[in-house]
Amino acid sequence: MKDFLKELIEIPGVSGYEAEIAGYIANEFRQHCDEVVTDPFYNVYGIKRGAGDKSNPKVMLAAHMDEIALMVKDIDKSGFLRFTNIGGVDQRILLAQEVIVHGRDKLTGIVAVMPPHLLSPEDASRAIEMKDMYIDLGLPCERVKELVQVGDLITFKSPLVSMLGSFVNGKSIDDRAGVVILNEVMKELDKLVYQAEVCCVATVQEEVGTRGAIISTYRAEPDIGIAIDVTHGDTPDASKDDTYAMDKGIVVCKGPNMHPGLTERFLEIAREYRMDCQVAVSPRPTGTDARSMQISRAGVPTILVEIPLRYMHTTVETLNLDHIKSVARLIALFIASLKEGWQEWLRY
Amino acid sequence: MVEVLKRLAEARGVTGNENEVRDIILELARPLADECYVDRIGNVIAKKKGSKGGRKVMIAAHMDEIGFIISRISDNGMLRFLPVGGIDQRILVSKRVLVGKDRVPGVIGVKAIHLQEPDERRKVINQKQMYIDIGARSREEAEKVVKIGDYASFDSDFVCFGDNKVKSKALDDRAGCSILLELLKDTYECDLYACFTVQEEIGLRGAEVAAYHIEPDLGLVVEGTTCADLPDVPDHLHTTRMGKGPAISFMDNSSIANKDLFKRMVKTAEDNSIPYQIKENVAGGNDAGRIQTSRSGVPTVVVSVPCRYIHSPSSVMDLDDFKNTHLLIQKFLKGVEA
Numbered sequence: 001m002k003d004f005l006k007e008l009i010e011i012p013g014v015s016g017y018e019a020e021i022a023g024y025i026a027n028e029f030r031q032h033c034d035e036v037v038t039d040p041f042y043n044v045y046g047i048k049r050g051a052g053d054k055s056n057p058k059v060m061l062a063a064h065m066d067e068i069a070l071m072v073k074d075i076d077k078s079g080f081l082r083f084t085n086i087g088g089v090d091q092r093i094l095l096a097q098e099v100i101v102h103g104r105d106k107l108t109g110i111v112a113v114m115p116p117h118l119l120s121p122e123d124a125s126r127a128i129e130m131k132d133m134y135i136d137l138g139l140p141c142e143r144v145k146e147l148v149q150v151g152d153l154i155t156f157k158s159p160l161v162s163m164l165g166s167f168v169n170g171k172s173i174d175d176r177a178g179v180v181i182l183n184e185v186m187k188e189l190d191k192l193v194y195q196a197e198v199c200c201v202a203t204v205q206e207e208v209g210t211r212g213a214i215i216s217t218y219r220a221e222p223d224i225g226i227a228i229d230v231t232h233g234d235t236p237d238a239s240k241d242d243t244y245a246m247d248k249g250i251v252v253c254k255g256p257n258m259h260p261g262l263t264e265r266f267l268e269i270a271r272e273y274r275m276d277c278q279v280a281v282s283p284r285p286t287g288t289d290a291r292s293m294q295i296s297r298a299g300v301p302t303i304l305v306e307i308p309l310r311y312m313h314t315t316v317e318t319l320n321l322d323h324i325k326s327v328a329r330l331i332a333l334f335i336a337s338l339k340e341g342w343q344e345w346l347r348y
Numbered sequence: 349m350v351e352v353l354k355r356l357a358e359a360r361g362v363t364g365n366e367n368e369v370r371d372i373i374l375e376l377a378r379p380l381a382d383e384c385y386v387d388r389i390g391n392v393i394a395k396k397k398g399s400k401g402g403r404k405v406m407i408a409a410h411m412d413e414i415g416f417i418i419s420r421i422s423d424n425g426m427l428r429f430l431p432v433g434g435i436d437q438r439i440l441v442s443k444r445v446l447v448g449k450d451r452v453p454g455v456i457g458v459k460a461i462h463l464q465e466p467d468e469r470r471k472v473i474n475q476k477q478m479y480i481d482i483g484a485r486s487r488e489e490a491e492k493v494v495k496i497g498d499y500a501s502f503d504s505d506f507v508c509f510g511d512n513k514v515k516s517k518a519l520d521d522r523a524g525c526s527i528l529l530e531l532l533k534d535t536y537e538c539d540l541y542a543c544f545t546v547q548e549e550i551g552l553r554g555a556e557v558a559a560y561h562i563e564p565d566l567g568l569v570v571e572g573t574t575c576a577d578l579p580d581v582p583d584h585l586h587t588t589r590m591g592k593g594p595a596i597s598f599m600d601n602s603s604i605a606n607k608d609l610f611k612r613m614v615k616t617a618e619d620n621s622i623p624y625q626i627k628e629n630v631a632g633g634n635d636a637g638r639i640q641t642s643r644s645g646v647p648t649v650v651v652s653v654p655c656r657y658i659h660s661p662s663s664v665m666d667l668d669d670f671k672n673t674h675l676l677i678q679k680f681l682k683g684v685e686a
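Listed in order, the protein sequences are those of chains A and B. Each residue of the first sequence is one higher than the last, beginning at 1 in my numbering. Each residue of the second sequence is one higher than the last, beginning at 349 in my numbering.
Be a bit skeptical, because a hint or two may be false.
To be verified - In silico lysine to aspartate or glutamate, DMTMM-like type, Cα no more than 20 Å apart, as pairs:
id, chain 1, residue 1, chain 2, residue 2
1, A, K58, A, E221
2, A, K157, B, E358
3, B, K476, A, D234
4, A, K77, B, D580
5, B, K476, A, D123
6, A, K131, B, D467
7, A, K106, A, E7
8, A, K73, B, D580
9, B, K682, B, E618
10, A, K157, B, D503
11, A, K77, A, D132
12, A, K157, B, D505
13, B, K492, A, D247
14, A, K106, B, D505
15, A, K187, A, E35
16, A, K240, B, E465
17, A, K6, A, E28
18, B, K476, A, E122
19, A, K240, B, E468
20, B, K592, B, D619
21, B, K397, B, D387
By construction, these hints were calculated from the structure, which means they are not laboratory data.
All chains, full assembly: derive it from the sequences and hints.
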């Protein structure tokens, strides 16, 4: 499971450019489900048919495969690259960061920074804007122009690192961890008897507006939706109101974006199996795939399950791997509990 | 030479904790030197007797690198730290570090962009607000692997990239250390004292001690130096330019080069067709400042390898500059009469 995550985060999968990672995910899914479909946008659907008949629900799970990144905007006359962002990148994490520029080859680059010896006190207290930064490829300008074009993608170089206990850090764990959960749910389901048809979708373009979920939910036409994403883990510099403990279980979100009956049912199952859950609230449509799943076609009752993640959208996103196992187990148990009369849970 | 540089750059030697670097240097210098010892402050001195002997040349490169020291372990298991040496606090966010002897992996994080107010995103985060997260869930858990006073260094591997470039932490001044080790393979007319100094980054303290007990006739410092040949940086602040050869200093914030030695270094480069540049800006200081004023004074000169993004986890150096720096100093030393 950790190996899958490690491999996943090293494969580039920038929003809108998911072909490579989609292929990799499809291959992995194929080992654990009845059918794998990849749509023209590179959403990957892993379908498992349960023991039930047509009267049983179709459940769609969604976790996004795309990652935030940078893009080449201009090539300077001395061969340095100007760049812009794809998705929400905090400009303050960029200085002296190692990146991979996806030109004709994969090129190592460094986000340039002035040496502290030459900084005036005013300069040192000013955050540099992304538009004033550039990437050094260590190549002369002519060579850069042969290898790189405006519009080429730039991803961060930050492979998975194990920390104390079951903590890990790296880039793009938002939401490759969710994709790993999809895979784990499929494995867990093999240990259970379940009636539902389950469609695990690794979605594209979440970071730029949950576009993959819009398309894939329409296509899958589920009765029930479960979005799996990360939420903010607790850190000393963030308010406790906005964050969740890294070791007190998974997070279940409540609010208008989520179906109240189904969410209660999910929490009941958690209680039944004595699994820790933290409850989050969102008074607005969430920034996750759940946002679009809920209003697909004639509407899909949707729940949102999240894992706390520290330093979201940085190169050192930090996560507790224990949560991956527990959330996968819980989702599988929830699916297995969908038996005759499941429609009752959806009534208002 | 590049293999040695990689080994030294990946070793950790934050000022005051140069052990890993010192051990490698002792291992590599011992077979090459006539005498090799560690002095009272922790400098490694490798002495190579000259073919004629007599004149004592001290050549210095510092072993220490900038980094962090753990100052407090919080109840929530996060580590508070202080910078060791000159670090631009703006580069610290979202970087990896290794803490303590056992290299416990940690990250310097920041709350997610989603949780920041718009004006926060434009503000520099003060280093005092930062913390290192090692994944400990409590003070007790952290204390099992980290103690107050442990050192932390950037976690950054040595990578060859671009056009004969390398990227690593601590090229300042493991580049100099590697060059000194290479120089020890040769013999010269003069007696050579290769000094791998400690505590350069917090005030040139190792060199002060070494110069006193060596009592050299001549001092030479090999550094990794500032290179700001970047777009948007005015020409006069470039200081040095990557790929243009070793940089010879006429002056920096700590010393003014001895005029004769400076001229001689330039002539050596020209006579041997070795590319060189003059360090154009008076910035930074180095061990020469202390060697020059040791006892009744020592003529000194500084030669440096240009390093972009110095004092960051990703400093960048041109390998030709590195090799030419060695070549220039080798030729220079060959020409120093006994």
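Tested hints:
no. : hint            : result
1   : A:K58 / A:E221  : holds (8 Å)
2   : A:K157 / B:E358 : holds (18 Å)
3   : B:K476 / A:D234 : holds (19 Å)
4   : A:K77 / B:D580  : holds (11 Å)
5   : B:K476 / A:D123 : holds (18 Å)
6   : A:K131 / B:D467 : holds (17 Å)
7   : A:K106 / A:E7   : holds (17 Å)
8   : A:K73 / B:D580  : holds (16 Å)
9   : B:K682 / B:E618 : holds (15 Å)
10  : A:K157 / B:D503 : holds (13 Å)
11  : A:K77 / A:D132  : holds (15 Å)
12  : A:K157 / B:D505 : holds (11 Å)
13  : B:K492 / A:D247 : holds (18 Å)
14  : A:K106 / B:D505 : holds (18 Å)
15  : A:K187 / A:E35  : holds (14 Å)
16  : A:K240 / B:E465 : holds (16 Å)
17  : A:K6 / A:E28    : holds (14 Å)
18  : B:K476 / A:E122 : holds (18 Å)
19  : A:K240 / B:E468 : holds (18 Å)
20  : B:K592 / B:D619 : holds (17 Å)
21  : B:K397 / B:D387 : holds (18 Å)
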